[in-house]
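Peer 1: Chain residues, written in single-letter form:
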Amino acid sequence: MIKHYIKIAFRNLAQQKVLSGINIVGLSVGIACFSLFLLYAVSEFSYDRFHKNTNRIYRIVEWWQGEKREPGGYAWAYTPVAPAMKRDFPDVEYAVRLKGSDCLVKADNKVFHTSITFADTAFFQVFTFPLVYGNTQTALQQPNQVVITREKALLYFGTANVVGKTLELKTDTTFIPFTISAVAENIPANSSVKFNLLGSFEHIANDPMVQQSNLNWYMTIGMQAFVQLKPGSRLASEQNRLNLFRRKYYPDDYKPKKNPTKEDLIQTSFRLQPLRDIHMNPTIEGGNDPKNIWILITIAGAVLLIACINFTTLAIGRSANRAKEIGVQKVMGIRRNQLISQFLTESLLLSVLSTLIGLLLAEGLLPLFNQLADRQLTFSISRFPELAWLLLGLTLLVALLAGSYPALVLSSFKPIEVLKKKIRIGGSNLFTRSLVTLQFVLSIGLIISTIIILQQIAYMRTKNIGFNKENLVMINTERIDNKKIYPLYKQAIQHNAGILGVTASEMGLGAGEGQMGTGYRDYKGELQGVIEYPGDYNYLHTMDMHLIAGRHFNPALASDTTGAVIVNEALVQNILGTTPEKAIGIQILNAKGNRGTKTIIGVTRNFNFEDLTHMVRPQMFYRPAKFQPSRIFVRLQAGDPGSKLTLLNNTWKQLAPDAPFEYSFVDEKFDNFYKNENRWSSIAGWAGGISIFLACLGLFGLATLAALNRTKEIGIRKVLGATVSQVVGLLSKDFVKLITVALVLATPLSWYVMHNWLQGYAWRINITWWVFALTGAFAILVSVTTVSVQAIKAAMANPVKALRNE
Amino acid sequence: MIELKHISKWYQVGGKPTFILKDINLTIKEGEFVSIMGPSGSGKSTLLHILGMLDDANEGEYHFMDQPVHSLKEKQRSQIYKQHVGFVFQAYHLIDELTVYENIETPLIYQNVKTNERKAMVADMIDRFNIVGKKDLFPTQLSGGQQQLVGIARALIAKPKLLLADEPTGNLNSKQGEEIMDLFKQLNKEGVTIIQVTHSEKNAGYGSHIINLLDGRIEQGN
Ligand SMILES: Nc1ncnc2c1ncn2[C@@H]1O[C@H](COP(=O)(O)OP(=O)(O)O)[C@@H](O)[C@H]1O
Ligand SMILES: [Mg+2]
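First to last, the protein sequences are chains E and G. Taking the UniProt record's numbering, the leading residue of the first sequence gets 1, the next gets one more, and so forth. Taking the UniProt record's numbering, the leading residue of the second sequence gets 1, the next gets one more, and so forth.
For the record, the hints were derived by calculation from the structure and aren't laboratory data. No experiment lies behind these values; they were computed from the predicted model shown. For each residue, glycine too, the CB sits at the ideal point set by N, CA and C. Any given hint could turn out to be false.
Capping the alpha-carbon separation at 30 Å, the derived lysine-lysine pairs in BS3-like fashion look like this [unchecked claim]: (1) G:Lys175 / E:Lys712; (2) E:Lys733 / G:Lys75; (3) E:Lys675 / E:Lys644; (4) E:Lys733 / G:Lys82.
Not close to chain G: a few residues of chain E, all C-beta gaps over 10 Å, as computed [to be verified]: (5) Val42; (6) Arg87; (7) Pro130; (8) Gln145; (9) Ser237; (10) Ser269; (11) Ile293; (12) Ser319; (13) Val328; (14) Pro385; (15) Phe431; (16) Tyr537; (17) Val719; (18) Trp769.
Incomplete in silico selection of chain G near chain E, CB under 8 Å [unchecked claim]: (19) Lys82; (20) Tyr110; (21) Gln111.
Please model the complete structure; the sequences and the hints are all you need to start from.
Peer 2: See the structure below:
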């Protein structure tokens, strides 16, 4: 029986070449899209599962909860906490601290920039990172041993077999030789714990900062800590035990305060976060929001749905022609469920075929998708075994989604009525219309969203953010003796042609740069954060930031390096509650509420130093007496920067031969703020483009069917005097109506979604009506063109043929 | 009114032309009522379609009311036939989605007749054919004879000078057929030139003149 079904199904597919083609192309594209996103989702949810003991590994986090504060956790670990847990809880099997650090590597006389992670010796007992060479027991035993990944070994030495070789590493001021003790396999992409070089924690144990943090239980030095519990331990859920531990080591937290400030009322506790939870838990700093994945899957699902709808509407549209075949089969005694099986076999066959083609397509699109998603995914059933059954399920789901309605409707025909041709179902029933409308609601909505996201990005890129970020080069001087080299460097370059200004700061600007803040009391007595920019005298001037009151720093005045500050408008407004003119001369209250030593000498216009999701926050500039210029800024003359960069690089080589010349353009660093927005606009744009393509493909099929079903009517109308354009209008009218309805529905829907999205930006565009008009016009144009191809063909046909008596 | 000179029509079948009409010469004067007869496949419908300007001849000249149809552009030709020619078919060819009223109205829409004028003309025609009670029904709700009546009303609505009918009674019983023929006779008296294709000697007798077609040629000597 099944063989019979498949035979008939194949015949039907082969007979209806255009429709089968449309269905296969549509479903393949839909499935390709969906399986790419599926792969993405599966990989995101597969983070950190490859460790043998993954279910027993936890990260120590500090959980904050307060009255005016969303509860949330931070993954910073105080240096003594992890060893204390190992001591105090018998069910903690191992404790591992990880401290990352920037470093320079000298290998074979070449210098590279990378990072090194220092870990406690239990690292390889807890985490499963297989070694290519070396031994996990001894790899971290000595303080001057280092484990290197295969990838880095190949980069530095050209071979992976490097155990025993020496690497010189510089994490602060001098190069220190390390012996390579082991080579690790490359770290899987879906690992939260990563390293390039892995050293022993003992190496940094005597570092003054680490020692200090070992005594001060409140000091964070950018460290993470993990524990592995013994089998059967339930410590992670036994919060009272963790709270007792906290109370033992932080007795001060539990003493009642006389005048508690807002900060004092925050309750702090330790928690153990499962390793598997790290990548996908947004309540703990650094975790991703799974919401985004569901949004992506929804978008991909919408594209797939559009393809499935094509199958359904085309099948219904074709039913008029198949009705007779069904009638005959019914007269011959076929049962209804046999007919349903027949139809479902057809859609299953199509769905299997499309899945195969779709997977090939997805494989081909994977590089592009990886770029879009910023991942290195591969379709690997061995790495993601769940993909196998997910894809199988997808195939069945598509078959059911696409095939069940036509199967039910077609199989319900009454044989006599069918043979008398009384039943008239064409492309015109309400169900089909609703489905086509839905397709266009989805595609139009996606296109509108894309345009609005792009508008917002363009706005953020081009908005005048209050200083001149063009032609500005920022050089990283963290890893050189910058106090000594900066004045020499400045001296060497500043009088060259094309160099308009040179300055320095302790802070960078743009995406990926840190910020430094301190709390000050505002005029209402509340504590407010102020972002500080210790910089050179000419910092504001070189940046093209404008003063609106007061004066610039004066190198000749000694007092300008002890207490003079320039602040921004936001600080004047939010903290002082006054005007820029009156702010001059005011001393700002420090966190304790005392008049500090900081006197305002100038007020600068607000500039957006953060991305435009934020309002401008209070800011303070000063020239410290002990200046650590860790970023040099060079203002170039507009035009080709090539020769000027060569000058900067050559000068660097002379003054700091041991460190790589690392520079970036400040405008690019600001553009990088909007990586996510760029990604979303690409995703929505692709999805919108693909869905409008699929929807039009379906439309093309429907128009073909409509023209076919109405051949006779078209012939009559032509005989009665209708012109070609009148016939085209007649055929297109219905579709234009549907698309107009879709536009009317999609407009408020996408407006609402995008309006909400824009609320996340302090600086945002207004949604304009023409976006909707433009998209609507585009959708109507595209669909009318699609329909016209068929309609014109039908309208041009000689009516005599259509009306020939049979 | 109509003059055909050396009209030929052929189709390429397997690379070779097969003639459907061969060297047809024919003159029809205004006010005539002509019946075309001949066996099935002899080219009667094709000839009618050429006369109605729905189809082109491959060769020959066609003059309609002193206009050289064979050398006119598609647009001008459709202008002429919209104004002067009405069609009636054996299978009625009414539009199933439209009511009787709308079916009759359709040709006027395509001739850009104004709404008010259109209403008046359709109302007149419906009156004349005695189908007032049926005007809001759909074609499938009518008998064959009634449908053909609507078909004729539709053909006449734009006041054509020439009425072309391809086996108008072919699907009707003899009584219904007789009524249609009486109607044609009446129309002819009112001045409408009629060319009909028919298989029935009796129906052909209503006409003033019979043309016999055999294998695409006009049989001489009637
Ligand atoms: N498109 C076509 N291609 C080939 N032959 C055709 C075509 N249209 C009609 N014919 C042939 O032309 C001949 C005349 O057709 P028709 O005018 O309909 O005859 P009648 O109306 O006298 O029965 C028939 O043999 C028919 O098969
Ligand atoms: Mg015929």
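Peer 1: Compare the structure with each hint and give your call.
Peer 2: Results for each hint:
no.: 1; hint: G:Lys175 / E:Lys712; verdict: holds, 28 Å
no.: 2; hint: E:Lys733 / G:Lys75; verdict: holds, 24 Å
no.: 3; hint: E:Lys675 / E:Lys644; verdict: holds, 28 Å
no.: 4; hint: E:Lys733 / G:Lys82; verdict: holds, 24 Å
no.: 5; hint: Val42; verdict: holds, 51 Å
no.: 6; hint: Arg87; verdict: holds, 87 Å
no.: 7; hint: Pro130; verdict: holds, 72 Å
no.: 8; hint: Gln145; verdict: holds, 86 Å
no.: 9; hint: Ser237; verdict: holds, 69 Å
no.: 10; hint: Ser269; verdict: holds, 73 Å
no.: 11; hint: Ile293; verdict: holds, 48 Å
no.: 12; hint: Ser319; verdict: holds, 17 Å
no.: 13; hint: Val328; verdict: holds, 23 Å
no.: 14; hint: Pro385; verdict: holds, 56 Å
no.: 15; hint: Phe431; verdict: holds, 19 Å
no.: 16; hint: Tyr537; verdict: holds, 83 Å
no.: 17; hint: Val719; verdict: violated, 6 Å
no.: 18; hint: Trp769; verdict: holds, 35 Å
no.: 19; hint: Lys82; verdict: holds, 4 Å
no.: 20; hint: Tyr110; verdict: holds, 4 Å
no.: 21; hint: Gln111; verdict: holds, 6 Å
The structure fails hint 17 only (numbered hints given earlier).
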